[in-house]
Every structure is written in C-alpha cells, then in structure tokens.
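Chains as they are written, first to last, in our numbering: chain A, 2 to 330; chain B, 361 to 689; chain C, 288 to 801.
What the hints contain is simulated information worked out from the structure, not anything from laboratory work. Incorrect hints may have been included.
Stated by the list, open to error - Computed footprint of chain B on chain A, listed as stretches where at least three residues anywhere in the stretch have a Cβ under 8 angstroms from a Cβ of chain B:
(1) 141-149
(2) 152-164
(3) 257-271
(4) 312-324
Glycine included, every Cβ here is placed at the ideal spot set by N, Cα and C.
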Amino acid sequence: MTAQSLSRPLSSGQMPPARLLRIGATLLLIVAVGLFAAMAPGFATASNLADVAEQSTVLALLAFGMTLVVIAGGPDVVRGGIDLSLGANLGLCDALYAAMSNAGHGDGTSALVAVGAGAAVGLVNAVAIIRFGVPPLLATLASMNACAGLELVVTQNTVLTTDSPLLGIVAGPGALGLSTTDWILVAMTAALLLVMHATPVGLRLRAVGLHPRAARAAGLPVAAMGAGAYVAAGTLAGLAAIVQAARLSGSSPGSGDILLSVVLTSLLGVVFSRRLQPTIGGTLAAVLFIGCLVNGFQLVNVSSYWVNGIEGVLILSVVALRSLLQRPG
Amino acid sequence: MSVAAPGPAALRGIDLARAVRVMLPAVMLVIVACFAAASPTFRSGGNLVHVLINDVTLPALASLGMTLVVSTGGIDLSVGTAADLAALAAALTVTQGGDALLALSAGLAAALCVGVVNAILVAGFGIAPFLATLGILFIGESVQQLATNGGAPIYVVSNFPPLLDRLAHGAMLSIPIPLILLAMLSALTRLLLARTAYGRRAHATGIAPAVARHSGVPVRRVLAITYILSASLCGVAGLLLLATVKSYVPLSGNAFLLDAIGAVFLGTTISRDARPNVPGTLLGVLLFGVLRNGLLLVGWNFYWQQVAVGLLVLVVLGVSFGVRRRGRE
Amino acid sequence: MNDQAGEAALSLQGLVKRFGATRALDGASLVVRRGSLHGLIGQNGAGKSTIVKILNGLLQPDSGSIAIDGRQVVDASPRLIERLGVHIIHQEPMLVPGFTVAEALFLGDEPRLGAGRSPVVSWRTMRRCAEEAIASRFGLALRGDTPLDQLGAAERQIVQITRSLLKAPRVLVFDEPTASLVRSEANRLFAIIRRLREEGAAVLYVSHYLEEVRDLCDTVTVLRNGRDVATLDPARTSVAGMAALMVDRDLGAMFPTRSSLPGAPLLEARGLGRSGAFADLSFTLRAGEILGLTGLVGSGAKELVAALFGLAPADRGTLLLHGRAVMPASPSEAVGLGIGLVPEDRRRNGVALDASVAENATLPGLVRFVRRFLLDRGREQEAVRGLIARLAIKTPGPDAPVGALSGGNQQKVSLAKWLGTGATLFLLDEPTVAVDVAAKVEIYRLLADLAAGGAGILLLSSDLAELRGLADRILVMHRGRLVAELRAADATADEILTAASGGAAGSAPDGIAA
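Just chain A, with the same shape it has in the complex (with noise of 0.2 angstroms):
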C-alpha cells in the first residue's frame, strides 16, 4: 500500500463556492440597509426596524413551513419538498377565524379551528405526496386551488372584519417596546432553531431529504417524517392566520398572493446558510432582507410596483450565481 494521502481536500487559497456566495449574500444586505439607511431618514430607527420585523412575522412563519418541508423533501425543485398551498391555506385559515370570531365562538374555538385547518391542509398534503407519491409540486398546486375556493366560500370574496380580544393582544405591545406580533417572530424562530439544532429532528429530517434510503438505512421513519414535515408546514401556516388576522383585523381576498414570496425567501435564504442547504437561520434572514427592501423602497417612495420585478430578478441572480458557482471546472 502507498503511503499516499487518501483525501482530496480543497486546494488551499481557493475560496469554495458557498462561503463566497454567502459573503456576497451577507454583503448586498448590508450595502441594501446601508443605502436605505442613508437615503430615508427613518429606515434605521429601533422602531421602524422593529415594524420591518413585525411585518415580516407571516412571510417568515410561512417561510420557515416551506423551509422544513425543503429540508424534508430534497432541493429538486420538482421532485423534491415544495409547498405550494401555503398562500391559500393562510387565507383560508384566517378567513375561518374571521368567520368563526363573526359567528360569535370564542377564541379559543376559533383559534383552534384556524390552526386546525391549517394542519388538516397539510395532512392532505401528505398523504397525496407521502401515501400516493404525487409529485409535491402538483400535490400541493392542487390543494392551493381547493384552499383558495374554500376561503371564496368562506368569504364569499369580501373583506371580513372581526375584533376579538386575542386579536387586540397579537396586534397590540409587548415587553421591551415590541410588539407581541415581534415576540411572535421571535419565539417561533428560538423555537424552530432549537428543535432543528439541539435535538436529532434537524439532521434526520436532512437525511431523509437528501438520503431517502440511507436515512431509512439508519432505521428513520422516513415517510413518517416527510409527512410531519408537510403538517407542521401547515401549522405554521394556520399560526400565521392569526398574526395575519390581528394585522388585518379580520381577513381579506387575496392573501395567497404571498406565495411568491414565501418560495423566493426560502430559495433566498440557501445563500445565507453555511453548505447551501436550506435553514431555519438563513430563512430569516432572507425574510428580514426582503423586508427591509420593501420598507425602505416604502420611505424613498418607489413604487411598490417595483417590488415584485425586483424580486424576481433577485431570484434569478440568485440561482444564475449559483448555477454559475457550482459549475464544475
């Protein structure tokens, strides 16, 4: 046997590709608020950033379910974990809460209709994707269309208003000058990166994404775990109605439109993650970015109408850069 080292690491010098794309990633956000800072008087006050916080609890609520199911599902866009009927079951959610509350349940009953038919959604998902093996992608299309007719139902395409005291708390101010919606943000975040980091769940639910059959190899519940992975988006999906009641104050058309958002700040927050694999951390810091792009846009007066173009050309440099980095040679 030679004595030849067996490993090839990476040639020294060279800058792998991942923390390049992150440092570029962890750049443009700081150069983006640094701007923003410097062109709108009151971008960088503690309470306008605590307003960008507040208004990103729903996008990152959402984005942390798509991120879980990411994880669990695989990076294929196709093939892999996607979540599409997250937009829909939000709306559909609050829009029961909204009715529920209406009608004149309790909050209680109402909350836990809400939060309930948010996960029941996600069952359905599961098991089409998990049971039949639909491809996720049509799976959760398909239930995206039954949740936006079911909140039409609903709804009967108007504004629904409603005012409960559970609301008033979400809405209202928390501990250290934030609001509870903050709290919100942040309580689910130190919850999610605990479970995801101390405990087995995160690099199991990895290996089943990436490994199927090594993660079942290993003796994991696999499809068990898949399907827990589209519930909890689900879940989410339906605690983040009830931040999106309190900050509507009931429930209005049109709040699938999200989605987008919701898919573009879980590609996003790959670049934010130290092996470009979707995390919890990265994820929000991909929300926190976008929304701070939206709400300096807001204070310098560009046209919202810009957002969405500027969104999706942040997508595609995004994956371009990528595609580029990880081109062999």
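Got chain A sorted already, so can you dock chains B and C onto it with the hints?
For chains B and C alone, kept in the frame of chain A given last:
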C-alpha cells in the same frame, strides 16, 4: 416466510395500470352524464360551443405550450406572463392607432421576448426551469403594474380593429374561428411532439437529459426551441383573450397557469409510459371546462368550482401515481 | 471448506424468489460461518443482488428459510434484520451527501447530553466518539467535522464500515465494495476485512472480481441461474475454474479471431492537450483497427475520450478525422462528424431506462428516418428490428422499456445506438463492466465485425485480458501523457502495468485489475 401466489398479483398490477389509463376519459364521461341529466341547458348544443370557446380554448392554447415544456422535463410558470404581455402590447398598439396586423405582430413579439428570455435562462445559464420562469413571472407582474399604473384595465372598445374582432367572434363554415385556430395548433403540436425528430429529442431530454447529451442531442437547442414555442402559443392565447373581451386586464393570464399544469399532468395518465401528450392535455382542459360550466348550471356557487377542480385533480393524480408506484414495487 | 470455521452465523436454505415469469432465485442455499470470509460470485442475473436485497429485508423470498445465529427469521424488515446483527456495506455508500463524518456515523443514534435520555444532542461527544471509533479501528486520524465530500472513496467506505461496526454486527455483507475504489484503496479495505474475520465476524463478500474473491475468501459459493452450483475452496481452484462454473462456457473462446489489415489513417492526434487533464498526445488510429487505451485513475485517458467526443474539448494541438482538421466542441458536433461513444456509466449516460429500445437505439441517428419533417415510423421499426437481430438483444420487442432488460442487453442497446448512424469512429469506455459473460462475448464479436467493416475503434479499458485479446495496439497513459505504445499480441500484463504506473517496476498500480 409467507408464500405468495405469484401470478394474480402481477396480473392485478397490469389491470390496474390499464384502469388508470382509462380513468380520465371515464371521469369525463361520468361528469358529462351527470350534468346532462341534471341540467337541460348543459345538454344544449349552444352550451357546448360556449364551453369550448369560453372555458377551453384559451387555457388549451397555454396548455399546449406547457405540454411541450413538461415533455422536456421542465415547467413554465410564465405562461400567463407571455399571454398578458402579448395582450398588453397589442392593446397599447391599438390605443395608439395601430391596425390589427401591427397589433398582432406587437403582441406576438412581446410573447416571443418572454420565450427568448426563458430560453436564455434555462438553456443558456442552466437555471432550473421552475425558478427561471418564476423569476420571469415576478418581473412580468411588475412590468404590467408599471405599464397600467397599478393594474388599471385598458379598454379598447372604440375603434376596435374588425380583423381582431373577427378572430374572436367570427366563424368559417359556421365553425367559430377560435376553435379552428385551436384545432390547427393542437394538430401541429401533436405532430411536432409525436412524429418529429424534435419531439423525440424533447422526450429524451425530459426522461434522461444525460443520455440525450451523450447521444448527440443538441439539448440546449431543444430546450430553447421549447420555451420559445411555449411562449408563442401563450401569446396567441393572450391575443385571443384581448380580442374576445376587447380589453386588457392585467395579470388575467395567470388563471391559465393552474389549468395548464393540471391538464398536462392529468393528461399523462392516459399515456402508457406516463408522458405528456396533446390528446391527454386537451382532455384535461376539457374536463376543467365542463366541470366549471356544469357546476355553474346546476347552481353551484362560482367559488365551489375552484374547490371541486382542486380536489378532482388531487384525487385523479393520487390514484394514478398511487397505482404506478404500486406497479413499480 | 474451511475446517477451522465456527458455527453457522447466517444460513440461507432453498431460497426462491420469482419476478413475474422469471425466477431470480431458484433454491439457493449458503451457510456463512463465524470467523470466516465467504465469497459469493456469479454472473449478472445469477441472483447475487436478490440475495443481498433479501438480507437487507427489502425483498421477501417466496419460499425458503433464513436463519441468523440459528434463529429462524420470518417476515424480515430492514429494522428487524439490522437488530439481528446483519449489516450490509453497499456498493455505493449509504451516506448522506453534505453530512460530516460524525453526523454520518451517528445518524439515527445520536449521543445525547446528560443521562443519555435528554432530547438534546451532544455534538461534541458525537465528534469525539466518531474520531475515536475510526482511529481505534483503522488507525486513521479523521476529524469528526470533516464533510464527507472532502473524503476519498476508501475513506467514505471506512466511515460506512465503522458505522456498521458501532452496532456490533454478527454478520457483515459486503456488496461489490471495491467497484468504486482504486487498487491501493481496495488493498486497504481487504486488510480491514481480514481483521474483522480475525475478530470473529462472519463476512459474506459479494463480488464479480474473481481474483479478489480468490485472494480474500476462505470459501466461495458460485451462483448460476438462481441456484448455488458449487461451494469450493478458492485455494484449490483457479480463476478460470470459477469462471467456468459461473457460465458453463470456456473462457478461452471469448475473443474473436481477427485478421488485422489496418487501412488508411482515420483519426490522427498531433500534440493534443487540455490543461489540467492531458498534454502532448500524438497517435494514429487506422480504419479497421481496434486501438486499446488504458491508464490509472488520473492518467488522463478518460479525459482524452471526453475530449474526442466534445464533452470537454481539447484546447491545444490538432485532430485530423479522415485527414480533415476537426475539434468537436460538443457531443452533437462530434456525432455530426461520425463519432459515437459508449459511455462507462450506462444507466446514467448510455441508455434512457424509461424509454423504449427503439427510442434509445435511434436517438443519435434520428435524421435518417425523417421524411418531409416527419419520422417514418415504419422504417424506424424495421431498422430497430434489424439492430435487435444483429446484436442478439434479448427484449420482448422494440417497444419494451430498456429498464426491463438485463445489464448486458442494455449495454448492447447503448452500442446499437451508433450502428446505422454512419459513425466511423467508435469510442468505448469500459464497455464490458457489469456485463455478463454471454453479452461480453457478443459485444467483442460485434466490435471485431465493426473493425472488419472499416471502422476505427478506441477501446478504453482497465481489463487487461480484454485489451490483449481484442486490440491491435495498446496506448498506455500516465499523468496526462502517453508513456507506451505496445503491440497487443506481444504485450504482457506486467509490461502494461509497469508503464501505467509510470515505469516504476514492482509497485502495484491503482485501478487496473490484472
């Protein structure tokens, strides 16, 4: 060890696979029969033509493009964008006093632009089609909002060019022109996909891209052609929509997207090897059209139609993928 | 039989497994004893992989019995099998890409903080245990937080084996473990396996490298057509004897006799180079000639073939095809020039498993069936039937999916693609790896026929018997350069190996099975 009888199990697998292939036509027949029994209006010839023109033709055109794209293993989320931008360009041309031919050329050119950009992103940069076309969808929304000051429709009722009007409302040999157009383009797409070298290469690219490349298939060219054709077909749909309603409503083309994806994948269930095919896609679009029309006529709320379509797609896909998965095991 | 071997650790008796009409296993039996290394050989389709899948709990036999340590196993699931102490080291390691060494070792069984029952993982303990486990077993200092993709194939294999060893296995099954290893890595693996035997493990070693099995194992079971046809002592059997048992056919007649009358130069390379891959290659391939090409991993031979097919074009030198300067920049350009490639990774690059035999076979040369923009399906079917007959492809018909064929027949389809396209230069990259002997013989015959018909064939192979039996001349590459050109008729295995390893005689080179 349990001793299983080998024969019947295998036979059952084959029969089930056959059953899946006739499932879509069977569901179609059942639905038509139910509605025909329940609603006299549904049975009338006038209603049939109405369904074909109003509920089927436009999504069918977009679905033809989607059939090509899905054959190459991709997906085109920008079908609505191409249709909308074509309609926008044509509407602007007409309001500026341009004649019908100029408007049609402007519209097709706009759609072609979308196709070329998609082609560059997917074939040139190697970006995953889902992400590339998602980015274009975002950017297209911005463009439309900016061009219409936030989404105000453009009405072109006065001075509407007669040629455009005939395109939508005229008839040849008492067959409505939109139907003739659809029949011609369907036949062409069918020939292209099933009987030409391009079609064979497109399928090979979709099934096994590495094998296609190693067999000398010009994969990038095939992809580029596919996305350009898809956008062109959607452009025709957008122009037809403009001619039909004599106005351009921003973002209205997005309604085609779900139908197109759903129809293509429903259509794959009638093919022996589960490939996208034009007859299957048309059957899928027809099913959606008939379902919507029938539910409307039997008095179901418009909102329930969406729920029904979503659930139906979920069930049909669930059964077909479930059986295929069983067959593979 | 090894007389020192202990009691039976794994006993399979009369296993039968049917898939539709075919019997993958037809009464196969074997017994692996404690402290012994038991080889399992057989052609593709003989039933080796079915046995591995049954041992994995992925398949249930239709009849027959499995006993582990004397205990009958009924309705084995992967979990039950693993709990009973049977561990399988797969051909491709079952390791999650992107994981670190420690994560891969402890996935599903992560060390916890505190008393061991807490839900919180102790990542530090995990790293430390991983490093200790690998160091104590294999004397290898691997950091626990090293990502797997920075490891070589052998190190990944070591991680995989360590993972199994952590669970105190009763029976270890190695399924073609050296397929992705170079020679020195394989040698290292053999030392590890021998040590496991000395420690009392029962090892079942599944391979189609007969030399390996002969050198390593105490007992060998030969499978043929789903049945164990012999259990023998490898020390008293020759490789040729084992092969004969596998196939019922004499190995000596494998290679067709060829009358070599090379014609005009077909392909001429002058100072061909690609930075980082190979440099300054000059050689000539004549019409009617089979030119062998060989080299170790990293010799540049693979890259040369990739360059000739336009997958990664050369950036220096000139290439003459039929006397015309060419430099294909893409595979489609190469195909247009009349170059065909039978790639090594058949299932990935060679044939589309979900497409039919006909669709695969005509993919490169579709143009010839186009009449007024449309494909002439009748003529295509006719041509495909001709190809099926010519290559003796065993298929239910032209419309059967290639995935339903055996490996050898899939490889024939991969070759059939280029017949009838007008290709004059055939590049073959390890054309007979994982191909059964019968199909091998037919492929050799076909290559000889093609050459006799005036084609030029570049045969990249690490099978020395194949090179010497089939080629006219053999080019040997080392570190990106051409180091020897040998007449196949005179070349000895020693000569080729010495040249391939850079002329340093005596050292065992990587990657070439002698």
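Tell me, in ascending order, the numbers of any earlier hints that this structure violates.
-> none
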